[in-house]
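Colleague: One-letter residues, chain by chain:
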Amino acid sequence: MSDALHTQSAHALRERVAKGETSAVEIARAALDTIHTRDAAVGAFLHVDGEGALAQAAQVDRARAAGEALGPLAGVPIAMKDNLCVRGIPATCASKILEGWIAPYDATVVERLRAAGAVIVGKTNMDEFAMGSSNETSAYKLVHNPWDLSRAPGGSSGGSAASVAAGMAPLSLGSDTGGSVRQPAAFCGLVALKPTYGRVSRYGLIAFASSLDQIGPFARDVRDCAIVSEVISGRDPRDATSVDTVETLAGTYTRELERDVKGLRVGVVRASLAEGCEPGVVLAIERSIDTLRSLGCEIVDVTLPTAEHAVSAYYIVAPAECSSNLARFDGMRFGPRVESASLEETYGKTRALFGKEVRRRIMLGTYVLSAGYYDAFYAQAQKARTLISRDYAAAFERCDVVLTPTAPSVAFGLGAKTKNPLEMYLADIFTLPPSLAGLPAISVPCGLSEGLPVGLQLTAKAFDEATLFRVASAFERATDHHTHRASMFAAGGAA
Amino acid sequence: MSHTQYEAVIGLEVHAQLATKTKMFCGCSTSYGAAPNTQICPVCLGLPGALPVPNRQAIALAVRAGLSLGCTLRKSSRFARKNYYYPDLSKGYQISQFDLPLNEKGSLEITTSAGTKRVNLTRIHVEEDAAKNLHGVGAGTDTLVDFNRAGTPLIEIVGEPELRSAEEAEAYLKALRDILMFAGVNDGNLEEGSFRCDANVSIRPVGQEKFGTRCELKNINSFKFVRKAIDYEIARQEAIVSSGGTIFQETRTWSSTQEKTLSLRSKEEAQDYRYFADPDLPPLVVDDAWLAEIRTTVPEPIAARRERWQRELGLTAYDAQVLSAHPRIAEYFEAATSSLETQRAGKLAKDNLAKAGAGKRVANFMQAEALRVVTTNGLEASFPCSAERLAGLLALVEDETINGKIAKDVFADMIATGKAPADIVSSKGLAQVKDTSAIEGTVREVIAKHPKELASFKAGKTNLKGFFVGRVMGALKGANPALVNEVLDRVLAEP
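As you go down the protein sequences, you meet chains A and B in turn. Residues in the first sequence are numbered from 129 upward in steps of one, following the numbering used here. Residues in the second sequence are numbered from 93 upward in steps of one, following the numbering used here.
Since the hints were derived computationally from the structure, they do not count as laboratory data. Ideal Cβ positions, reconstructed from N, Cα and C, are used throughout, including at glycine. Among the clues, some could well be false.
Distance windows between CB atoms, simulated [what the hints assert, rightly or not]: (1) A:363 <-> B:512: 53 to 59 Å; (2) B:299 <-> A:499: 33 to 39 Å; (3) A:518 <-> B:127: 51 to 57 Å; (4) B:284 <-> A:154: 41 to 47 Å; (5) B:126 <-> A:500: 41 to 47 Å; (6) A:230 <-> B:126: 23 to 29 Å; (7) A:500 <-> B:315: 38 to 44 Å; (8) B:177 <-> A:522: 41 to 47 Å; (9) A:503 <-> B:363: 16 to 22 Å; (10) A:525 <-> B:177: 46 to 52 Å; (11) A:269 <-> B:177: 38 to 44 Å; (12) B:284 <-> A:468: 33 to 39 Å; (13) A:619 <-> B:126: 55 to 61 Å; (14) B:468 <-> A:196: 51 to 57 Å.
Chain A extracted, bound-state conformation (with noise of 0.2 Å):
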């Protein structure tokens, strides 16, 4: 059973497609026959593209018969966060005001996945409009944590992290724009990476908050993650938030990979354990800190003082930014249209399409920049974001990464936060400073409590993602905590 294709990793599968062990038409069906056995349980995807993926699959097959050179992902199965545009197959960012829209244009991530030879299998669900953080506020259907299935995957890219954990594709892509990657990269103990700000392309990503927004992947190891990380990265002449300035990183990650840490600085923001955070967690993040301790690294003690207005800082600036993004959901040029007597009228009944915590965004973000309120509100918060950024700096210059928590809790039950919207706010916690201050930060598998994974989060400074995955790598070959799984992962399935 352990040799099932679908239990393998990225660049496993890589291997095996070049040696010509395996197909990569093979691998592609043993993905499908995954999600098909085991989505309904779990709910992960919005569309799975059968056709699509065994035409990719076949191609990359063709090519390595006619002795091209296969790229780094070549027959590597991969799903697709439904808010990411793929050619000729819906983008719905699970909202029914996309329902029935077919992206007719490949996100910039999208075409460098495909010159790598990655199988697109299908898209995932997710909170709309990734606005949520247990994946509950998708208008179609619920993703369960395959771990525990009364359980939120986490979100908002929940759909593309159950995904992954259930063993239904190696690899996926999320979005994160507060957390919406390393947080259930948490609940379902996967490695996720948020790539500093402008360093993957934004282009075909349907924005939420444009200032904060970052694709990154879902991985079961360090090495797909960088990996994959490679692929997507680099400088984008699309996205003029783009700031890389060579076209691709190649190479740049996964050399980190083999590195020791010994003398490497891991800056402690303790106040992250004291509050808020479950007893399992704190014990599991103290484990951690040891094993670095015992790698070479240095410890040291470090604050992030304005950390503590995070959550009403991005409260502000997401919303705002989300209320402009979501503007062009009108009804006019494309998606469903709500036909009434009046322009005005049309206007509303289309846009109550948006489920209601994205109409509570938009609201929200209406609201602080109107005009009286522009500077109690979003300058404030702007202010704050500066803030932010200076205490990270303060912090780089003692130490090289710093460690929290990824998520103050483990996988919570479905329907446990959705009454209180606040709550589910606090789940952000640690992941909202390193997005407001733009640093790259990796959440890796740090252990189990109640059974449960939970995350350890690595932040760096800005473009230094290397250096997340030299520890992130070196974490992982001294711990075993990567190789736990869901029940369900290798079980059954499609082998």
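Assemble chain B onto chain A, guided by the hints.
Modeller: Relative to chain A, chain B alone:
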């Protein structure tokens, strides 16, 4: 009761399309008149996931506009979103500039019947145009939207409220259009909407410093309408105020069919645009190197050029005005003048007036003959022959190969056949006889054939000289009339 005198206070806002080949934030063509919705892409359609990337040429032209109008350039400006809903606005917001515009201050000089006056500018900022709603097309009452215009690059030139009459407003617009056209920034095409104007009009008692309540006039897109609309509006406001009424702040539109301004919306209905810095676009930085490069592309200002023509080439103010009616005509005039100078170099080098003479000769000929057959379209113009050929024709007049009357015929032939002037002259035998001895021979022959007339002439009938001139000219088929006269006088004076 004394009759209160009012004065008008007028400030104009001009939207001028930047003369680029492609749109402000995407690569779509800006050409006018294409079939609806054929010049569109995900970016200008505002499709989910699409991102704007600034057009460097548009920015360069906007900087050039600022340099041509004496503005202060802001080296780091920002794009901002202006949020409102309308079917012609693809994203639900317009990308414009708000608190940090590209250009500030600046001024231009206007000339009216009262003399010249300098009018200050507030700012010139960059923005994108909206699409075009086409009402009542398709099935009767439908409104369809043509997105070809969506995303066309514009500058908005905001003038200070320093204009005091409709005449001044019209002069301001003409001067501004001239400057922008001659800087190659805008094609000055009012009919196609690439130069549009809104006017803020208020009145106040003469001597009062405080401004009255203003009304904004829209849809005044011809010089004639501007004048009529402002005159109407001033009269309307005076009538209200002098009968004890109050002016309410509102937006009004000019109806060219009713020849009056009509209320569009009141201040209470005005939108809160919720401006904020566009997170998709980093600060717009014009560094010193780029600025220096743009500076080299700024042509000599048209006012300076007109002065120079009068000073150096001996043109009248009227000549200068006519020959600068269009940038291509001005270029043609200068090219023809410099070509004529080159062609006759050496021949008339000793003549101190030579330089002035060439310009004046070209100016006269262009006004009398050439301009009639020049057609202009936007920034383009088509000429019947090259400036060098025109100069070649005038060079033939200068060296007395042909006279001015023959030159007109040759020019007509040049237009009709496309042949070079010298070829036409030689193939048609139009060259004047300049050889004095040949002329003298003919003169003597003619006199010998007409002894009676000679006798009458000698007897005092001196008006018979015309008879001899006519016969000689006829016999010579093209001779310099002055030379003929001179030789005839000498021979007739012989005893």
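Colleague: It remains to establish, for every hint, whether it holds in the given structure.
Modeller: Verification of the hints:
1. Between residue 363 of chain A and residue 512 of chain B, the C-beta spacing of about 54 Å keeps the proposed range 53 to 59 Å intact.
2. Taking 33 to 39 Å as the suggested C-beta distance range, the pair residue 299 of chain B and residue 499 of chain A conforms, at roughly 34 Å.
3. The supplied range of 51 to 57 Å is met by residue 518 of chain A and residue 127 of chain B, whose beta-carbon atoms lie about 54 Å from each other.
4. Taking 41 to 47 Å as the suggested C-beta distance range, the pair residue 284 of chain B and residue 154 of chain A does not conform, at roughly 60 Å.
5. Distance hint for residue 126 of chain B and residue 500 of chain A: a CB-CB separation of about 43 Å, consistent with the stated range 41 to 47 Å.
6. One distance hint, 23 to 29 Å for the beta-carbon pair residue 230 of chain A and residue 126 of chain B, holds here, with the actual separation near 26 Å.
7. Distance hint check: the CB atoms of residue 500 of chain A and residue 315 of chain B are about 40 Å apart, consistent with the given range 38 to 44 Å.
8. Distance hint for residue 177 of chain B and residue 522 of chain A: a CB-CB separation of about 44 Å, consistent with the stated range 41 to 47 Å.
9. A C-beta distance of roughly 19 Å is found between residue 503 of chain A and residue 363 of chain B, which places it inside the suggested range of 16 to 22 Å.
10. For the hinted restraint 46 to 52 Å between residue 525 of chain A and residue 177 of chain B, the CB-CB distance of approximately 48 Å keeps it satisfied.
11. At roughly 31 Å, the beta-carbon separation of residue 269 of chain A and residue 177 of chain B lies outside the given 38 to 44 Å, and the hint is violated.
12. Taken as a hint, the range 33 to 39 Å holds for the pair residue 284 of chain B and residue 468 of chain A, whose Cβ atoms sit roughly 35 Å apart.
13. For residue 619 of chain A and residue 126 of chain B, the hinted distance range of 55 to 61 Å is satisfied, since their beta carbons lie about 60 Å from each other.
14. Between residue 468 of chain B and residue 196 of chain A the Cβ separation comes to about 56 Å, which falls inside the hinted range of 51 to 57 Å.
When each numbered hint is compared with the structure, violations occur for hints 4 and 11.
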